[in-house]
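Read top to bottom, the protein sequences are chains H and U. So in the numbering used here, the last one in the first sequence is 814, and the numbering has no gaps at all. So in the numbering used here, the last one in the second sequence is 228, and the numbering has no gaps at all.
It cannot be assumed that every hint is accurate.
Derived pair list, reagent style DSSO-like, types lysine-lysine, alpha-carbon separation capped at 27 Å [stated by the list, open to error]:
#1 H:Lys173 / U:Lys91
#2 U:Lys76 / U:Lys92
#3 U:Lys135 / H:Lys173
Hints in this document: simulated from the structure, not taken from any laboratory. Please read all numbers here as calculations on a predicted model, not as lab measurements.
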Amino acid sequence: MDQKSYRRGSFQSSTSDEDMLEIAGASLDFSMADDDPPLDREMGGFSSYNGGGMNGTSTIMDFLEEPLPGVGTYEDFNTIDWVREKSRDRDRHREITSRSKESTWALIHSVSDAFSGWLLMLLIGLLAGSLAGLIDISAHWMTDLKEGVCLAGFWFNHEHCCWKSNTTFMDRDKCPEWMSWSELILGHGEGAFAYILNYFMYVTWALLFSLLAVLLVKGFAPYACGSGIPEIKTILSGFIIRGYLGKWTLIIKTITLVLAVSSGLSLGKEGPLVHVACCCGNILCHLFTKYRKNEAKRREVLSAAAAAGVSVAFGAPIGGVLFSLEEVSYYFPLKTLWRSFFAALVAAFTLRSINPFGNSRLVLFYVEFHMPWHLLELVPFILLGIFGGLWGAFFIRSNIAWCRRRKTTRLGKYPVLEVFVVTAITAVLAFPNEYTRMSTSELISELFNDCGILDSSKLCEYVNDFNSTKGDDLPDRAAGPGVYTAMWQLALALIMKVFITIFTFGMKVPSGLFIPSMAVGAIAGRLLGVAMEQLAYYHHDWAIFSGWCSQGADCITPGLYAMVGAAACLGGVTRMTVSLVVIMFELTGGLEYIVPLMAAAMTSKWVADAIGREGIYDAHIRLNGYPFLEAKEEFSHKTLAMDVMRPRRNDPPLTVITQDSMTVEDVESIINETTYSGYPVVVSRESQRLVGFVLRRDLIISIENAWKKQDGIVSTSIIYFTDHSPPLPPSSPSMLKLRSILDLSPFTVTDQTPMEIVVDIFRKLGLRQCLVTHNGKLLGIITKKDVLKHIAQLANQDPDSILFN
Amino acid sequence: LFPQVSTMFAQCPWTCASPVLLIALLCCILSPPAQAIKSSEDIRCKCVCPPYRNITGQIYKKNVSQKDCNCLHVVEPMPVPGSDVEAYCLLCECKYEERSTTTIKVIIIIYLSVVGALLLYMAFLVLVDPLIRKPDAYTQPLHNEEENEDARSLAAAPTPSGARANTVLERVEGAQQRWKRQVQEQRKTVFDRHKMLS
C-alpha cells in the first residue's frame, strides 16, 4: 500500500493530473505541524483546490457545514467508493434542479449542466479523431521513410509521391519522384550493393525510430508504454492510477506510437489508440465541474472515450461501442450507450474529414466484395477457427511467460537494450521477405483483397485464360508461378510473425495486439483459401465440389478466408465475441459474411477457452496484480463470510474508534500504528455496536485542519462522531466534532453469509469494504483485496500476487 | 501587464490552460483541411485498364472533376479502334480521388517539430539542467526524508519580499520540479519495481 503520495508537499496549485489535494507537508508526524512556514501551507493546502479559498480563520459554523477540500478524494493506487460517488452526483443534481426554479441564471445553469455531457462527448470525438488522423498520416509517412524519400516534397509517403505521375500497370510503385535510399546515394537501384545499402538503411532507420521511442517513454512518461487496455480496464472498474491518463502520457503516447509502428516492429496501434482516446477524455473532463469532481461520472466518460478510440482505429463506430461495453467497461449504464455512440460517430466523422488514406476511407484495409459463399465452406472456416483458438492460447501462454521473466529476472533491467535487440532482429529478418517488409496494415489489405483482372501483384498471378473472361467476374484459375512464390513467402512470414510478436508485445514502447493477430490469421486464411481454390480447380469433379463449383465458376474467394482467419485469431487472443464480428463486418461492409465470421469466432473462443480461461488482457491484469474483480466469472465455492473476514482467529482484534470516548491523541496513535485505509466507529468497546465507517484519509485531513484552524484543540480533546457533544465537565478542553466525515451507512453482512453473495455484492455495488456483524455486533471487515486474495487462493493461484490495495 | 498575467495564472492554473492549448492545437489541425480541399492539384481521376487482347495493362491519371471521371474522358490516347472502345471501357475501372497536400504537409511538420522540441527538452534536462541546479544543491541542509528535502528547497527559495511570492517563473519552477518528481516516481514504478505495465 503506497501511502506516501499524500505526504509529498505541494506548495503550488495542483496539476490536472493530481486531482486530489496534495496536502502540504501533511505527514504522520503531527508534531511538525507547528513549524512549517504558514504562508506556503496556507496556499498549498487550500486555496489552490479548484480556486476555492479558505483564507483566514473560519468560524465553527463554516467548519461544520462546508466540506473540507480534500475530504472525499482518493489516494493513488486506491479504489474509489462507487456508492459514495454516485450518491454525491445525485445530491448535486438534486440541488441544481431545486435551485433552477429560483432564477433564470440558475435555470440556464441547470440546462447547461444537462447539456454538458453531450458537449463533452463532441469534444472528445473531435480530439480523438484529430489525433488518430495525425497518427495515421505520420505513421504512413515514417514507415515509407525507411525505404526511400520523395523528391517532390519530403513529407509525402510513397503512395502520395507517385500520385500525379504516370505509373505502369505492372510496377505501380515506381515513379521518378520517389527514390529509394540506394538510388539516392548510389544513383542506381539495381545490383547487390544497392540491395545491401537498402537493407542497411532500413535497419538503421528502424533502430533509430525504436530507440527514440523508448528513450522518450523512459524520459518523459513511463506510463505510456504497453498497450494500455489492461490498465484502462482496471481504472474503469474503480482503481485510481494518477498520471496514467494525463497530458504528458497523451503526448508521449501519440508520438512514440507513431515511432514504434514505423520501426517495423510487430505491433499495432489499436490498443494504444484506446489509451490515447481515454487520455483525451480524462483531460477534457477537467473543463466541466460535473465530471472533474466525480470519479464515477468520469468513468462513464472514459467508457465513451474508449468507444471513440476503437471507432477511429477500425472505422467501426458500432463495433467500438460494443468493444467498450464488452471488453473495457465495468459498469455501463444505458445512458452511456447512446453517448458512446455519439462520441464514436463524431470521432469517425472527424477522421474521415482529415482523410488520411485518401478516398475518404477510414481504415487502410476496407474491402468491399460481395461474393457469395457456400455452406460446405463452413468446414474450412471452422478449421480456421480452431487454428485461431490454438494460436491464441499459445500466444497468451508464451507472452505471459516472457513478461513474467521480464518482470522477475535481470531481463527487466535493460529495457532500452531489449527494445534495441528486438528491433534489430525484427528488421534483419523482415527485410528479405517482401511480405514482412511492408507494413502489417498493407499486408492485411493485400491479403483481404480479392484478385480481379485489375490486380497485378504477385499474389494475383494466376494463369489467365482470356477467352473465357466474362467481364469482371473471374473464375477460379490455376495458380501461376507468382502465386507459388507468394505462398511460401507468406508461410515464412507467418512463422516469423507468430514468434516475434510474443517478444514484442509488452515491451516498453506503446504496442498493440490487434494488427499482428489479424495478420497471423489473414496469412493462415489466405494460405488455406488458395489451397482450397486450387483444390477446387484441379478436382472440380470430386463429390464435394461438383455440386456448386463447376469449371469456370467463381466459387472460392481466398480474400474471404483471410478475413475469417483474421477474425478467428483476434478472437482467440482477446476472446471478444459480438464486438469482433461487428468490427469485422463494419470493416468489410458485407452482411453476407456474418455467418462465417460468427462460426470462426465462436469456434476459436471455445477452443481457446478450453485451453486457458483468460484473454490476453485479463492475463496481463493478473500478471500485474491489479485489483480487478472479474465481473464475468461465477464464484462457485461454498465458503462463508467469516472464513474471509479479518481479523482471523489468531490476529489481534479489530481496530475500532469509539463514537465519543477517544481523544485526539488516541486516534493519532491508531493512525500511526496501523496502515488500514478506514476504521469502523462503534458505540463503545464493550458493546461493539456499529455506528459507521470513517476513512483514514478523511481523518488525517480533518485532524490536520483542526490543529490549524480550530482554537483550543489539544491532544486530550475528545473526538466525537455523534450529533450532540457528550456531557463533560466544563474544565475539559474543547471537543472536535467529526460527524461530517463519518459514513453512516456502511454495508454489512452477517458472518454466515455465503461468499457467493458477498462477491456479488462487491461486484454489483462496487464496494471497497464490507463490515461483518454477528448477532448485531461488529465482528470483522472484508476488503476488496481480501476478496481477491480469497478468489486467487481458491483458484490455486498465488494470493500474494495481489499487489495493490 | 505582468501582475495581471500572474493573477490570471493564479486563477486559471495549468489545469485549465492545457485543455485550451489542446483545443487550439486541434483547431490548427482541423483548419487546413477546410481550406485546402479546393486546390486543383489535389484531385485526380484514376483509370485502371487491364490487359486486353494484345494491349498491355495501363493506368491513366487525369486532373478532371468528378462528373468527367469516366473512361471516355480520361483514357487518352485510346489504344483500341472505335468499335472496341465500349468493350474496352467496360473492363476499365475509373475512380475519383481527392487528397489534401496541405493537411499532409502541416501534420508532418507539426509532428516533426513536436519530436524535435521533445528531444531538445530532453537534452536540456539531461545536460544543461544539472549544471544550473548545481550551485543550489549545497545550500540545502541534509535531511533524511527526500520529500522534506524537496519541500525545504522550495520553501528556502528566495521569494521577493512584499508583492508576490508566486511569480510566474517561480510557479513554472515549482511545476517543473513537481513534474520531474512525478516522472521519477512513475519510472520507479514501471522500470525498477515492475509494479505496473510489465
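Results of checking the hints against the structure:
1. With a C-alpha separation of about 7 Å, the suggested pairing of H:Lys173 with U:Lys91 holds against the 27 Å cut-off.
2. Among the hinted pairs, U:Lys76 with U:Lys92 is consistent with the structure: their alpha-carbon atoms are about 7 Å apart, no more than 27 Å.
3. Among the hinted pairs, U:Lys135 with H:Lys173 is consistent with the structure: their alpha-carbon atoms are about 16 Å apart, no more than 27 Å.
Consistency with the previously given hints is maintained throughout, with no hint failing.
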